[in-house]
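Got chain F sorted already, so can you dock chains E, V, A and H onto it with the hints?
Same order as they appear, the protein sequences are chains F, E, V, A and H.
At position 48 of the first sequence (counting the first as 1) the number is 48 in this note's numbering, and the numbers step up by one without a gap.
At position 51 of the second sequence (counting the first as 1) the number is 51 in this note's numbering, and the numbers step up by one without a gap.
At position 17 of the third sequence (counting the first as 1) the number is 17 in this note's numbering, and the numbers step up by one without a gap.
At position 91 of the fourth sequence (counting the first as 1) the number is 91 in this note's numbering, and the numbers step up by one without a gap.
At position 69 of the fifth sequence (counting the first as 1) the number is 69 in this note's numbering, and the numbers step up by one without a gap.
Hints may be right or wrong, so weigh each one.
One copy or any two copies: either way a pair holds, since identical chains are not told apart in the list.
[To be verified] Below, a list of computed lysine-lysine pairs in the BS3-like style, where the Cα atoms sit at most 27 Å apart:
no. : residue 1 : residue 2
1   : 51        : 70
2   : 68        : 100
3   : 51        : 100
4   : 24        : 70
5   : 68        : 24
6   : 24        : 100
Hints in this document: simulated from the structure, not taken from any laboratory.
Predicted model, so just to flag it, every value in this text is computed and none were measured.
Next come the chains, spelled out residue by residue.
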Amino acid sequence: MNGLDEEPMAPQTFLYGCVLEAGKEVVFNPEDDEFEHQLDLRMACVDPSTKDELHMVEVEGQDTEGQKIKAALVSLKPSTLPSVCLGGFTITPPAVFRLKAGSGPIHISGQHLVMMEADQSFDEDDDDDDE
Amino acid sequence: MNGLDEEPMAPQTFLYGCVLEAGKEVVFNPEDDEFEHQLDLRMACVDPSTKDELHMVEVEGQDTEGQKIKAALVSLKPSTLPSVCLGGFTITPPAVFRLKAGSGPIHISGQHLVMMEADQSFDEDDDDDDE
Amino acid sequence: MNGLDEEPMAPQTFLYGCVLEAGKEVVFNPEDDEFEHQLDLRMACVDPSTKDELHMVEVEGQDTEGQKIKAALVSLKPSTLPSVCLGGFTITPPAVFRLKAGSGPIHISGQHLVMMEADQSFDEDDDDDDE
Amino acid sequence: MNGLDEEPMAPQTFLYGCVLEAGKEVVFNPEDDEFEHQLDLRMACVDPSTKDELHMVEVEGQDTEGQKIKAALVSLKPSTLPSVCLGGFTITPPAVFRLKAGSGPIHISGQHLVMMEADQSFDEDDDDDDE
Amino acid sequence: MNGLDEEPMAPQTFLYGCVLEAGKEVVFNPEDDEFEHQLDLRMACVDPSTKDELHMVEVEGQDTEGQKIKAALVSLKPSTLPSVCLGGFTITPPAVFRLKAGSGPIHISGQHLVMMEADQSFDEDDDDDDE
Chain F
1 MNGLDEEPMA PQTFLYGCVL EAGKEVVFNP EDDEFEHQLD LRMACVDPST KDELHMVEVE
61 GQDTEGQKIK AALVSLKPST LPSVCLGGFT ITPPAVFRLK AGSGPIHISG QHLVMMEADQ
121 SFDEDDDDDD E
Chain E
1 MNGLDEEPMA PQTFLYGCVL EAGKEVVFNP EDDEFEHQLD LRMACVDPST KDELHMVEVE
61 GQDTEGQKIK AALVSLKPST LPSVCLGGFT ITPPAVFRLK AGSGPIHISG QHLVMMEADQ
121 SFDEDDDDDD E
Chain V
1 MNGLDEEPMA PQTFLYGCVL EAGKEVVFNP EDDEFEHQLD LRMACVDPST KDELHMVEVE
61 GQDTEGQKIK AALVSLKPST LPSVCLGGFT ITPPAVFRLK AGSGPIHISG QHLVMMEADQ
121 SFDEDDDDDD E
Chain A
1 MNGLDEEPMA PQTFLYGCVL EAGKEVVFNP EDDEFEHQLD LRMACVDPST KDELHMVEVE
61 GQDTEGQKIK AALVSLKPST LPSVCLGGFT ITPPAVFRLK AGSGPIHISG QHLVMMEADQ
121 SFDEDDDDDD E
Chain H
1 MNGLDEEPMA PQTFLYGCVL EAGKEVVFNP EDDEFEHQLD LRMACVDPST KDELHMVEVE
61 GQDTEGQKIK AALVSLKPST LPSVCLGGFT ITPPAVFRLK AGSGPIHISG QHLVMMEADQ
121 SFDEDDDDDD E
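Just chain F, with the same shape it has in the complex:
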C-alpha cells in the first residue's frame, strides 16, 4: 500500500460493543492518538435478563455549533421488539450512551473505525495477532 498518495485515509475496522444499565453511562472518547475515531452503530438488542418494559437509549454528542445535544437512539421492549438494526448510525467522539428509560441491560454493537494516514497503517502487524 506504500506509494499510494491518493488515498489519504485507510480506515481500520474493529469490533465495538457495550452494555447499558440504569444509572451507568458509557463514554466513547478514545484517547488522543493521531487518528480519527468513529463508531458505526449496527445493532441494539435486549438479553434474556432484560425486564419486559420499554427501554429507550439516549446518545449525547455535539451539534454543528459544538454544543452538547441529546438524541433518542432506539426504543426496545423484549416482548415487542427485542432487536433493532441501527443501520450504521455514525457517532463521532466525544459521545455518551445511557438508558433514558428502562433498567436494562441493553446491548449496543457496531464497528469502531480508526482512520489513519496511509503511511501510519498498522494493518499487517495487527492481523498477525493469533487467536
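Quick look at chains E, V, A and H alone, frame taken from chain F:
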C-alpha cells in the same frame, strides 16, 4: 489535510435529534453559511410517555421542480413497533417534520452532515472541545 | 465546483413521496430532460385510516432484457407491521407502483436523485428558493 | 460518457423479482454475455395467499473455495413479520433460491446490476424503451 | 481489468452462512493467504425447529487495542421476531460467533469479501464454475 485538491468536499458528521409532538413543527434549515447541509436520518422511536396509538411522521421538502411536497416518513405504535430504522433517509434543507397523526412524543435521530471545501475544514479545532 | 472534470455526475437529492390506494397507479417516469433520474426508496408505511388487512405493494419496471417485470416490494399490516424500511431500493424509470392487495392508503417515500453533468449543476440556484 | 477511461465499470440497475413456492427453485445465472452480473437483494415479503406458518428462504451459492454452500436468507410468518428488509444482500451468480420451510408464496425483490465497460454502455438506448 | 493501477484492491464477493447451536462455536478465521478477508453480515433468522425462547448471538473479536472483546449481535425469538437485518455489520477476522442465550438453531448469513490486488484477480476463472 492541506494540499489535497482532489477531494473538494470533506463532510463533517454531527449528531442530530428532534422530538415531535402534536402541533409542534420542527424545521431543518441551517442558516446560510458557505457550507452545504444534509440530514441522514437513522432512527425514529417512541418513548415511555408516548400514547399507544398510531403515530405518523410527515416530512415536507422540495421536489425536483422546487415545489413543496409532503411525504410520510414513518408510522410507529408503542405496542406494535416502538422503533424503526430509517436507513439513512437523506433530507436536504429546507425541510419540516411534523406529526400527521398521534400526539407524540416521537423521537427522530440521525446525522447532520456539513460539506465544506477542504481548505475550510474546522475539523481539528472542533475535536478539541472537551467533555 | 467549476474546473472539476473528474466527477462527471453530481447527483442532486430531492424528496419523493406517493400514496397508493386500490385501483390507483403511481407512475415514476420523469419527462425527458437531459438528466438521469433515479428513486432511492426509503420507507413504506400505513396511516391511521388504513384498514387492518395485509397490503402488498407491487412495482413494475424493466429487467435486463428491457421486458416489463413485476416485483413485490413490501407487505404491511397496521396491527402487525405499520412501517418497513426499504433500505434504499433503487428504482430506475419508467416504473409503476400499485397495490396488489389491500385498499390502502400506503405511503412510499424516499429520495429522487437527479444525476447531471458537473457543468449543468442547478445547485446554487435551487438552494435559493425561499421557504 | 465517452472518453472517460477512469471509470472502467458503469453498473446498470434493473428490477429483479421472483416468487418462491414449495418445490420450486429459482436460479439466478444470467447467460454468459461479456458483463458481470450481481443481485442486490432488498426485500422479502409474504402475500395474502401465504399460509400462516414460518417460511424460511435458503440461498445456495459459492464460498471462497468455489464449493457450493447454502445459507438461510430470511424467515417470515404472515402474522408475525410479513416483510423484511434484506439490506442489499449481494448475490453473485450462479445462485439458487428455494423455500427450506413453508409452502409460500414468498416474494423476493431487489436490483439486478450489470457491470459493463464504459464503452459498452447500452444506457441511452434502453432508456428509450417506451412504457 | 489489466493495466488499472489506480484501484489497488478489487473485492470479490462470496456467500457466507453459518448455523449456531448451544455449545457450538463458529470461528471465522480464513487461513493466511495473501488476501484480506472480511464478513459483511446481512441477516440472522430462526428456523421452524428453533424453540420459542429468546436467543442472543454473541460475537467475539478484537478492539482497537488488539484485546478480545465480546459484543451482542442480535436477539431473536420465533414468535416475536423471526428475522433481523444486520445491515452489513462488518466483521474482521479472527472472530467467533456463539449463542449466549437459547438453544438454537440460529442462522447467520452475509457476504464473505476477499480483497486482492488487481493483478491477483481470480475473477473470470471462478465465474466459469458450472451449476
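Practice prompt. Compare the structure with the hints numbered earlier in the document and write down the numbers of the violated ones, lowest to highest.
Written response: none
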